[in-house]
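Listed in order, the protein sequences are those of chains L and B.
Following our numbering, the residues of the first sequence are numbered contiguously, the last one being 315.
Following our numbering, the residues of the second sequence are numbered contiguously, the last one being 330.
Keep in mind that a hint or two might mislead.
[Said to hold, decoys possible] Quick list of simulated restraints, FRET-style, between CB atoms:
#1 111/L to 235/B: 21 to 27 Å
#2 167/L to 140/B: 32 to 38 Å
#3 43/L to 179/B: 25 to 31 Å
#4 39/L to 303/B: 21 to 27 Å
#5 109/L to 258/B: 22 to 28 Å
#6 34/L to 145/B: 46 to 52 Å
#7 265/B to 145/L: 16 to 22 Å
[Said to hold, decoys possible] To give an idea of the interface, some chain L residues facing chain B are shown, with a C-beta separation under 10 Å as derived from the structure:
#8 114
#9 119
#10 123
#11 139
#12 145
#13 148
#14 189
#15 272
#16 273
What the hints contain is simulated information worked out from the structure, not anything from laboratory work.
Predicted model, so just to flag it, every value in this text is computed and none were measured.
Glycine included, every Cβ here is placed at the ideal spot set by N, Cα and C.
One letter stands for each residue in the lines below.
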Amino acid sequence: MPIRFEKVSHVYSDGTPFRYVALEDVDLEIREGAFTAVIGQTGSGKSTLVQHLNALLLPSSGTVYVMDRQIIAGTEPKKLKSLRKDVGLVFQFPEYQLFEETVLKDVAFGPKNFGASPEEANKLAREALRKTGLDETFEERSPLELSGGQKRRVAIAGILAMKPKVLVLDEPTAGLDPAGAKKMMELFASLHKEGTTVIMVTHDMEQVFRYCEEVIVMENGKPKIQTDIKTFFRDSSLCRELNILPPALIRMKDALREKGYTVSDDTVDIKTLAKEIARQVKSHG
Amino acid sequence: MDNITLGRYIPLDSPVHRLDPRAKIGAMLLMLIAIFIPAGWIGYAIIFAVVTFMVFLSKLSFTYIWKSMKPMLFMLVFLLIINVLVVHTGTVWLELGPIKVYSDAVIQTLYIVVRLLLMIMITTCLTATTKPLDMTLGIEDLLQPFEKIGVPSHEIAMLISIALRFIPDLIDETGRIMKAQESRGVDLKEGKLNEKIMAILSLIVPLFVSAFQRAEDLANAMEARGYQPGVRRTRYKVLKLKGPDYLLLAGAVLVLACMIWLAYFK
Ligand SMILES: Nc1ncnc2c1ncn2[C@@H]1O[C@H](COP(=O)(O)OP(=O)(O)O)[C@@H](O)[C@H]1O
Ligand SMILES: [Mg+2]
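This is chain L alone, in the form it adopts within the complex (with noise of 0.2 Å):
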């Protein structure tokens, strides 16, 4: 079942003197399965509208459909746990959420809120170690004394040994290392290929342009563009409208048919690229 906002407003503060409204009127459609880029400025709604999705924030009006939920403005949302337990939520900075004695006790935290008996939650909580690339040496250090990148990948791996259904991840590899970026990269990659709807905040277009299916661009606490990436990197024109440095490919693509070259629409990967215009480059001698 796709994930569905319909007329969703969400109202900071609503009341006060500091009253915002960080999303006005939002209708989206996000296909279950998919690899949803969530982009925009800083201050956009992009965070507030995930919060949606595993009803931390409930709308000041409109209906979100999640699963098989309805999460209506006004009412108190049914089998809320449950949602929790389906819908993993990765915040921005996820390491300050580190609390346990050791590593394994933190990520099994999760499983067992959820009714895991502590043997199922330390394996899950194992399983998902091994699939952020943390060995049994770090199970039993605290997590309070792991270098930046270690906390991240353990406060993820928190998330994953819940088992969600659809992952929402904010900003997930803000301020890590490059390489640290790419193997995360790729272990979100790997969850969508065994079917899990991944959902990412980001402002790496190469992260989107290489990972992502479907972009949603917010812009004032309204999506401004929902569409699949191969309409959205068509060219670079929808991203220099949106102000975005487009991806590296895509900016090449251009310079190429600024020279005359022809170049598909559907070239995505920079080999496919080279083989198209070293074609036209020996045909014109």
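Could you slot chain B with the ligands onto chain L? The hints should help.
Chain B with the ligands only, in chain L's frame:
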């Protein structure tokens, strides 16, 4: 967490906002003393009128003041219950089965309610109209005379300003961590006792970690910019009392005098 309004600065442009912080702090102290003088209902009516006038002048909305009092409601109900159970003087006003409600219980509770209400209105008038930074400047100046007896006025002011500076941050941080843990299935409202303890731990530990981290960052940043405690420093902003400030102080003194007269000389 969004709705904590108590003690926040509200950036508006009003005559009260423009008053000198020292005058406002001084007037607030005088008014607080006035509240605790047993001047009876006439006294409270006068104070209430004066404070309402101040709120009106400061352009704060009354709904805002009401909001900042809401958290107290629970406490007041609790107080009323205790008073009804404990105070057995005066005449019986109401009989609810075995419980007798005496007039003094209700009147005493009302006194407390009115006092609290006035206190909140007065302090809100100060905190909502005074920038935290101005507030600390004011406190520092007011503490200056005590420096001779060893009160480190600058350090105290610095402490207060840092604390004030971090309150909103820590509130935000608490909200963030709460949400993060709720995403991991923590239920802060329901659950068995040991689950509740776990829930609170999962909130407190990260909060402390981040508070210490912030403190260290701030200390480093201050040291990197050459901050040294106990060194005489000049000020960019020099406070100067003007006409309206004297008027405010005079008004507060008048109210206080009025209360004393009502209570002891009438
Ligand atoms: N708890 C809050 N209270 C008041 N305003 C908030 C709160 N959280 C976010 N906002 C405001 O809502 C807007 C959208 O925030 P957010 O969803 O975090 O944007 P993004 O993730 O796209 O940067 C911002 O202008 C922000 O200041
Ligand atoms: Mg954000």
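Hint by hint, here is what the structure shows:
no.	hint	verdict
1	111/L to 235/B: 21 to 27 Å	holds (26 Å)
2	167/L to 140/B: 32 to 38 Å	violated (56 Å)
3	43/L to 179/B: 25 to 31 Å	holds (29 Å)
4	39/L to 303/B: 21 to 27 Å	violated (44 Å)
5	109/L to 258/B: 22 to 28 Å	holds (24 Å)
6	34/L to 145/B: 46 to 52 Å	holds (47 Å)
7	265/B to 145/L: 16 to 22 Å	holds (19 Å)
8	114	holds (6 Å)
9	119	holds (4 Å)
10	123	holds (9 Å)
11	139	holds (6 Å)
12	145	holds (9 Å)
13	148	violated (13 Å)
14	189	holds (7 Å)
15	272	violated (28 Å)
16	273	violated (28 Å)
In summary, the structure is inconsistent with hints 2, 4, 13, 15, 16 from the numbered list given earlier, while agreeing with the others.
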